[in-house]
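Chain A is already provided as a structure; the job is to place chain B on it using the hints.
Number of protein chains: 2
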Amino acid sequence: MSAGPEIERLIQLLSKLPGLGPRSARRASLSLLQKREQLMIPLADALAEAAEKISACSTCGNLDVTDPCAVCRDHRRDDSVICVVETVGDLWALERASAFRGRYHVLGGVLSALDGVGPEDLNVAGLIERAGREDVKEIILALNATVDGQTTAHFLADKLAEASVDITSLARGVPVGGELDYLDDGTLTAAFRSRRPA
Amino acid sequence: MSAGPEIERLIQLLSKLPGLGPRSARRASLSLLQKREQLMIPLADALAEAAEKISACSTCGNLDVTDPCAVCRDHRRDDSVICVVETVGDLWALERASAFRGRYHVLGGVLSALDGVGPEDLNVAGLIERAGREDVKEIILALNATVDGQTTAHFLADKLAEASVDITSLARGVPVGGELDYLDDGTLTAAFRSRRPA
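Heads up: the protein sequence lines correspond to chains A and B, in order. Under the numbering used here, the letters of the first sequence match residues 5 to 202, in that order. Under the numbering used here, the letters of the second sequence match residues 5 to 202, in that order.
Quick caveat, the hints were computed from the structure, so don't treat them as lab data.
Because identical chains cannot be distinguished in the list, a pair is counted as satisfied if it fits within a single copy or across any two copies.
Simulated crosslink set (DSBU-like; lysine-lysine; CA at most 30 angstroms straight-line):
{"hint": "1", "residue 1": "39", "residue 2": "57"}
{"hint": "2", "residue 1": "163", "residue 2": "141"}
{"hint": "3", "residue 1": "20", "residue 2": "57"}
{"hint": "4", "residue 1": "20", "residue 2": "39"}
Next comes chain A alone, as it looks inside the complex (with noise of 0.2 angstroms):
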């Protein structure tokens, strides 16, 4: 390499990026150099304005450029249903499949020993005294199907008890054009154990 400082800091903070390792880190800076005006300093704009005017939602955690965010401040969302998501990247998820009406509340992660994630680095607090009020009828644990995801909910679940509230986690299943040979034993068992009338 032979371009000095200022391209070896944008290769080494663009290989920071997921799905971006060194080589690909490389190749991206040098098209971004190429497409100077059409992609480089557009993006540098739009980085710098995503930084400065998106934060998290203080109600949901949800990143927004208002607070309370887009989904906080809609009315027409059902305010008796609280669904339990682990990041952004999966209130995005459902938000995309539009499969939910109600509100989010983002953890921020999940309790995992192997991380050092305790309930302390997690949004607990905000979530219990959420759960307490009156108008909300429904907590759904949206947690991963990982270990540490359904570890979450047990606690959770334990949490919230106190609170008046349904608590519920989403139906375990055959996915949408999942073929039984390729499941896994889990996911078969459960789908038998919860099966329903055709």
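Same frame as chain A, but now just chain B:
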């Protein structure tokens, strides 16, 4: 998605980077928003700085903060050899390998009837001018071993025939670590034809 046009725009710009699709661009922008101080603001600054400072060297076409670039300014390099490469990425690859201590010339692409790239779209005139200088003894055509790369090499060899320089190209053969079983016929034939005393 519910996070407003700022994030959508960021995702859309990131998805134009080579190696990032819409899905990974979404993950990347989420990761950026969550690492605002460590990653997002530094990246915005690095992009803006690079866009402002870095330009193509008017001699060789390399990208650098100075013009002429660091390679062209380096007095320890050999003025008598010019290595012609397709892109700045190729130049960086050769520099990383410390394969060459002469000067470079970046064509900016290869001739391609399919993509409508003609000689006037490449930096051919600059090369012919440089090849005519007194101290230049050899031009190495380090173009990719693709059909377009080799077409371009032939075209350049023709154009440079009048200049009193040696015109060479990179050796063809078995790559380091390459297993014969996995090599294509063309490479094996070339390696046999250029065999040398062991």
